[in-house]
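According to the UniProt record's numbering, the sequence shown is numbered sequentially starting from 1.
FYI, nobody ran anything at the bench for these hints, they're computed from the structure.
Model, not experiment: these values are computed from the prediction.
Fair warning: there could be bad hints in the mix.
[Claimed, not checked] The calculated label-pair distances, taken between Cβ atoms and stated as ranges, are:
#	residue 1	residue 2	range
1	E20	G144	44 to 50 angstroms
2	E47	S166	24 to 30 angstroms
3	L27	T206	27 to 33 angstroms
4	D54	K233	31 to 37 angstroms
5	Y220	M59	30 to 36 angstroms
6	Y220	K120	22 to 28 angstroms
7	R136	K60	29 to 35 angstroms
8	Y220	G144	15 to 21 angstroms
9	K60	E236	40 to 46 angstroms
10	S193	S58	35 to 41 angstroms
11	K21	H108	22 to 28 angstroms
[To be verified] Below 20 angstroms or equal to it, Euclidean Cα-Cα: the simulated PhoX-like pairs (lysine-lysine) are:
#	residue 1	residue 2
12	K71	K21
13	K233	K203
14	K53	K120
15	K168	K203
Glycine included, C-beta positions come from ideal geometry on N, C-alpha and C.
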Amino acid sequence: MRDGHIHSPFCPHGSRDSFEKYVEKALRSGYRTISFTEHAPLPANFEDPVPGKDSAMSMKDFENYLETVNKVRDLYKTDITIHPGLEVDYIQGYEREIRDFLDEYGPHLSDSILSVHFLKGESFWHCIDYSPEAFRQAVDDFGGIHSLYSAYFRQIRHSASADLGSCKPGRVGHMTLIRKFHHLYPSPEGWESMAEESLPLIKSSTMELDYNGAGMMKEYCTEPYPPSFIALKAHETGIPLVYGSDAHTAKGMNAGKELIRQDLL
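Generate coordinates for the entire structure from the input sequences, incorporating the hints supplied.
Below, the structure is given as structure tokens:
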């Protein structure tokens, strides 16, 4: 019983639910281990492409985040294992900035995730999971949905193989996030092969895979990230899978878990 992907009141696009509220929900649900993986501050020279500029925690809040997580960890240390961590964005072209950040702050973290949310098209940077309208703009900017999917899974492979230093996160986040709106914008033929091509690199990089339940609750997705057939193939390849609720509210911690169980059965 482990949830390796939980957000916090420090998420600017999440809820104000307290750390304690998340932990109490975890205890009631029978979890033995949880990881708070708040969105790490973006590189200072990278402009958040979403309208509200709220994709990640600000640097001015980061020290307070770490301090608060550690206090909560100590408060509940006899009840549950709590890992202080981050969800770090892999942004191609910003590897040096990401590595510098991890070199400084990584030693204070015990479980983190490396995710791809941002892709650079011909004209703009895009946050591929922001909204259906933003996804449509990304499709147009990339010249078609096949090109967009190819670019996304190429970034997943880059993230797995990138040298981000000794504190590089050990888990690839929601590797099929590009499918968030696939009921509106059907995935291109052959997308499964694009996804599966990432598995050998994840394996050789000794990384885990975030088996993320959030997609089950998205009306245009209704499947985990990755879907069960890819999760099973990853397992057969020897890649450890760690369930992650990707919860942005305490209530959301169990939202996708039972649906994933039913899907697998």
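Hint-by-hint comparison with the structure:
Distance hint check for E20 and G144: the Cβ-Cβ separation is about 47 angstroms, which falls inside the suggested range of 44 to 50 angstroms. Hint check: E47 to S166, Cβ distance near 29 angstroms, so the stated range 24 to 30 angstroms holds. At about 31 angstroms, the CB distance of L27 to T206 agrees with the hint of 27 to 33 angstroms. Distance hint check for D54 and K233: the Cβ-Cβ separation is about 35 angstroms, which falls inside the suggested range of 31 to 37 angstroms.
Between Y220 and M59 the Cβ separation comes to about 33 angstroms, which falls inside the hinted range of 30 to 36 angstroms. Range check, Y220 to K120: about 24 angstroms between beta-carbon atoms, so the 22 to 28 angstroms window is met. The supplied range of 29 to 35 angstroms is met by R136 and K60, whose beta-carbon atoms lie about 34 angstroms from each other. For the pair Y220 and G144, the beta carbons lie near 19 angstroms from each other, so the given range of 15 to 21 angstroms is met.
Taking the beta carbon of each, K60 and E236 are about 45 angstroms apart, inside 40 to 46 angstroms as hinted. Evaluation of the 35 to 41 angstroms hint for S193 and S58 yields a pass: the beta carbon distance comes to about 39 angstroms. Separation of K21 from H108 is about 23 angstroms and conforms to the stated range, judged on CB atoms against 22 to 28 angstroms. Distance restraint check for K71 and K21: the Cα-Cα separation of roughly 14 angstroms lies within the 20 angstroms cut-off, and the hinted pair is therefore satisfied.
Taking the CA atoms of K233 and K203, the gap is near 12 angstroms; set against the 20 angstroms cutoff, the hint holds. With a C-alpha separation of about 16 angstroms, the suggested pairing of K53 with K120 holds against the 20 angstroms cut-off. The straight-line distance between the Cα atoms of K168 and K203 is roughly 15 angstroms, inside the 20 angstroms bound, and the hint therefore holds.
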